[in-house]
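Participant: Each chain, letter by letter, is given below.
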Amino acid sequence: MTKRQRKLLIASIAFAVVFGIIPNANAMHIMEGYLPFGFCVAWGIVSLPFLVKGFFAIQKKLGQDRKNITILAMSGAFIFVISSLKIPSVTGSCSHMTGTALGAILFGPSAVSILGIIVLIFQAVLLAHGGLTTLGANTFSMAIAGPFLSYGVYRLCKKSKINQRVGVFLAAVIGDLFTYCITSFQLAFAYPSEGGVWVSAAKFLSVFAPTQLPLAIIEGFLTVVVMITLENYAQPELKSAGYLENGKR
Amino acid sequence: MKSTDKKIIAVILAAVAFLIVMPLLVRKGAEFGGSDDAGSQVVEAIDTDYKPWFTPVLERIIGGEIPGEVECFMFCIQTGIGVGIIAFLLGRFVERKKWQS
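One line per chain: the protein sequences are A and B, in this order. Read in this note's numbering, the first sequence has 78 at position 78, and its numbers run on one by one without any break. Read in this note's numbering, the second sequence has 91 at position 91, and its numbers run on one by one without any break.
With the rest of the complex left out, here is chain A (with noise of 0.2 angstroms):
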């Protein structure tokens, strides 16, 4: 292990050290046992075809140039971190980010599902957070719904010529308030309140989107941090995913 190495080993510790600390709080995803039956079955079948798709696509990736593999692991380190740090927003509440943008920018909106769907299973299964029953809704909406907006945004705002990394900053908060869209909407379908669907989903969203906002713009920074020191060290690798051309942005 290189000095350097060792460093940013000791900094990776520290760093998770200081952000592990904060206090007990759970934060989206629907909880385990708060989706009926039904919609946990539905919301999984319409997952499962972007999941199928989303395999293909990484065997593609890698098929294609082995290299890509290292960015594809830093994508999905990037959301186990991001998913992990609960932190405090305005509204006097806890939440955390999705951290998708990033992959879904580098490797396409459906190879983030499954690197999505690793991390909802983790959380699942060992922190009792999210839930297995709730699997299918939370990997739509976080794994699925929010990396393909961000996809989106991320090609319009390349189409119109805006600057690249604001295209990423855009992409990301967009996609994080959309997971939460569709998290209150998900909610909302199951539990109709007497104005039907729409009035339950404004409750829901009104609970989640003040909170995120911030949150949202927080991720939204941290990825263009990952993009711009991906930029400066990893050049080979994201002219292979398509990111970079000819070296050039």
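Hint data in this document are derived by calculation from the structure and do not stem from the laboratory. Hints may be right or wrong, so weigh each one.
[Stated by the list, open to error] Stretches of chain B that chain A covers, calculated by requiring three or more beta carbons in the stretch to come under 8 angstroms of a beta carbon on chain A:
1. 4-13
2. 20-31
3. 54-62
4. 66-74
5. 86-100
Given the structure is predicted, the values throughout are model-derived calculations rather than measurements. Glycine is no exception: its CB is placed at the ideal position from the N, C-alpha and C atoms.
Starting from the structure of chain A, add chain B where the hints point.
Facilitator: Leaving out everything else, chain B in the frame of chain A:
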């Protein structure tokens, strides 16, 4: 790393630190509970006699809620795994660039 990029990263990280610390200063004495719990409370408000029909696997095995400290530990492991992978790969990238130039 380009010096402009270094500056951008420094500014961004400062902004992130500010965004994280600010709520603690603005909302003194707030509980900072999870927004997920809040979500569950809305469920219970809409459907007053709703009972969760499944309890988390781990809570079943140990027969009760996971202690707060243990949950922190688990989250810590999750962060640690992620940071470990990122730090390891980034370390390799940085070294590679150093030897190439």
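Participant: Give a verdict on every hint.
Facilitator: Do the hints match the structure? See the list:
Counting residues of the stretch 4-13 of chain B whose beta carbon lies closer than 8 angstroms to any beta carbon of chain A gives 5, which meets the minimum of three for the stated coverage. As drawn, the stretch 20-31 of chain B meets chain A at 8 residues by the rule of a beta-carbon pair under 8 angstroms; at three or more, the given contact holds. Coverage of the stretch 54-62 of chain B by chain A holds in this model, with 6 residues showing a Cβ closer than 8 angstroms to a Cβ of that chain against a need of three. Given a C-beta distance limit of less than 8 angstroms, the hint that chain A covers the stretch 66-74 of chain B holds, as 6 residues qualify and 3 suffice.
With 12 residues bearing a CB less than 8 angstroms from a CB of chain A, the stretch 86-100 of chain B meets the requirement of three and the coverage assertion stands.
Comparing the model with each numbered hint stated earlier shows that all of them hold.
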